[in-house]
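J.: The lines below spell out each chain.
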Amino acid sequence: MRRRSALAAPLAIAGSAMAQTPPQRLRIGFAVGYAPFSEIGTDGQLKGFEVEVAEALCRHMGLQVTPVILDFDGLIAALQSRKIDAILASMSITPQRQQLIAFSSPYYFSPVRMVMRTDARLEATPAGLKGRRIGVERGTIHERFLAEQFKGSQVMRYATQDQVFLDLKAGRLDATLVDAVIAQFGFLNHAEGRGFGFKGPDFGRDEHHYGKGIGVGLRKEDAQTLGKRVDDALAALRRSGALKALNDRYFSFDLVSPTR
Amino acid sequence: MNFDAILDEFPKYVEGLGVTLKLLALSLSCGLLLAVPLAVVRTVSKGIASRLVWAYTYVFRGTPMLVQLFLCYYGLAQFDAVRESWAWPWLSSATFCAWLTFTLNTAAYTTEIIAGSIRALPAGEIEAAKALGMGRALMLRRIVLPAALRRALPAYGNEAIFMLHGTSLASVVTLLDLTGAARTVNATYYLPFEAFITAGAFYFVLTLVLVGLFRWAENRWLKPMMSR
Amino acid sequence: MLLHGFLPSLLEGASVTLGLALSSLAVAIVLGLVGALAKLSRSRVAQGLATVYTTLIRGVPDLLLMLLVFYGGQVAVNTLAPMLGHEDYIDINPFVAGVLTIGFIFGAYLTESFRGAFLAVPPGQREAGLAFGMSPRQVLWRITLPQMLRHALPGLSNNWLVLVKSTAIVSVIGLSDLMTRGQQAAGNTREPFSFYLAVALIYLVFTSLSELGFAWASKRLAIGAKEARL
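Chains as they are written, first to last, in this note's numbering: chain A, 1 to 260; chain B, 1001 to 1228; chain C, 2001 to 2230.
Bound-form chain A, shown alone (with noise of 0.2 Å):
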């Protein structure tokens, strides 16, 4: 026994010397075409704000990232059939979505809008938009949002935010509800956009509809272990203001401190 043990010890030196494993891998799942969060660059890579937070989630917990691209209305699927093991995809914190999978502390906070044609004469509210088409990203709150309180309005469903521009941009729409930031670096800020604008409240404000801000999608088993570990990361990430260095470094506002 003492023998044994006696070589164990060295063995076990040497062995912890040479192997170094290496760190754990974490499948996050991302929906891209929303610039700047989430988007392809022209080189095919994975690029944009949320990504960067999620590298810098992992390095803290000495993960190692492994996207992985999916459409927006299949982020929950994947997680809940382990395909992936988290999704970092401007998900919202909502009551209906928290009674599936569990969420980490929101990591950007963002408001809520309708975009037309400025020359439009349209009002952005149920009355204004009844009998008009409005575009949305399936499986996101805003399609929820307007299935609810928008009854009398056509909601038109497209896969991506990029798909809902391209016809807003036709003609085919006569609205869009969508992430204020998507929608002005995303379109505003183009030449395509040229001609439209913001219309209405902020609909964000709304937190029975719109929840408590976007958080880190997980299993629900996972929220105890993972979940904690992103939870502290994030702190971790507030408190060097290394967060807020990246909010400055995509945006000129401040998306995320709460500020409810």
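Keep in mind that the hints are not guaranteed to be accurate.
What the hints assert, rightly or not - Derived pair list, reagent style DSSO-like, types lysine-lysine, alpha-carbon separation capped at 30 Å:
#: 1; chain 1: B; residue 1: LYS1022; chain 2: A; residue 2: LYS130
#: 2; chain 1: A; residue 1: LYS228; chain 2: A; residue 2: LYS47
#: 3; chain 1: B; residue 1: LYS1130; chain 2: C; residue 2: LYS2039
#: 4; chain 1: B; residue 1: LYS1223; chain 2: C; residue 2: LYS2039
#: 5; chain 1: C; residue 1: LYS2219; chain 2: B; residue 2: LYS1046
#: 6; chain 1: A; residue 1: LYS220; chain 2: A; residue 2: LYS199
Please keep in mind that the hints were generated in silico from the structure rather than gathered at the bench.
Bear in mind that the values here come from a model prediction, so they are computed numbers and not experimental data.
Add chains B and C to chain A, keeping to what the hints say.
T.: Quick look at chains B and C alone, frame taken from chain A:
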């Protein structure tokens, strides 16, 4: 499995069924009407007409229907010239774009199926017709086309079913067909299995109907020709 | 640059698409031959099984099947594996999932195509073979199959072409093929026409090569068969 939500949303599926059937019927019928004359041109003519038909089927068979649909729906809308033209009221409609793409696509495949069937006719039948002094038009009408169309039935049955499944692409350009209904239900309730299996059941029944239809057609028109 | 620098990405996606299509075809041809022979056999059981296979698979759109196989298979594997003692999570590679699903789907379509092709061989050929004292297996291998290939070619080529294009749906399960990359580029640059045209042209190249191949094969197999002049 939780099918309560599906029961609540059943009307969506029924509506989707209507859209699917409408698209399928219109595309198949227009496609077939287009394909028969094109197949004749393809096999009978030698000159530029035959080449043009070949080019058309070549391009439409050679590219995915999804790409064709995107080109028609998103691609054309990119150009101001298109949006300001007379064609815009048509092209801006997702239903029209889907119908147009599906029709052109199925016509291309059907043309090749019928053309292949014409070419595969036993040489003896043609020679007999010529020996009897039949002109080309008469030969086509009484001998070639009836035989070729019948021989094409198994392959065309396949094509009809491909089109049925192909109509599910309509959901990709905002149309609420069966697949669109399933995707909406899935996105609302996060129940992918229940949502898609239900749609699958609808498609399955539709396919059975189509298969039965073609089997009846084969028994009526094809089997008597075969000596077994 | 016309394609804003997205060309290398598109070409990479194209190679993924090609690999997927060829692997799926191999699976599909094997399943198709087995299925057609089963349907034409005298055994009621074989006929029944083949009919269930073709009817079920041909009954549902590829898109739906993909989703069911991928997410359902994942859940099934992860439920069964712990029961069998596996601790770790077993990943179903999207490529493998794609090949199996598409191969399985097109095996059903090829069953019908091959069945039609077998039926198109004049029955006298088979009868003559049997009259000469050949066993049914010899008849199949030496007489029926070679002749059936000529008739199967149009159906096979049609199905191959459809198969190549069906590979576009694997983007649903996260496989980064040609279609996915085209969509991403189109969305990024707001120039859907250019990119979908580029994607279409690449698929057309695949098709051209396929058609050339099939034309050659058709000519080889048609030696000895008379084609009428209209």
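J.: Now tell me, hint by hint, if it's right for this structure.
T.: Hint check results:
1. B:LYS1022 - A:LYS130: Holds, because 27 Å separates the two Cα atoms, which is no more than 30 Å.
2. A:LYS228 - A:LYS47: holds (26 Å)
3. B:LYS1130 - C:LYS2039: Not satisfied, since the Cα-Cα distance of roughly 38 Å exceeds 30 Å.
4. B:LYS1223 - C:LYS2039: Measuring from Cα to Cα gives roughly 16 Å; hence the hint holds.
5. C:LYS2219 - B:LYS1046: The hint holds at about 19 Å.
6. A:LYS220 - A:LYS199: The given pair, whose Cα atoms are some 38 Å apart, is violated under the 30 Å limit.
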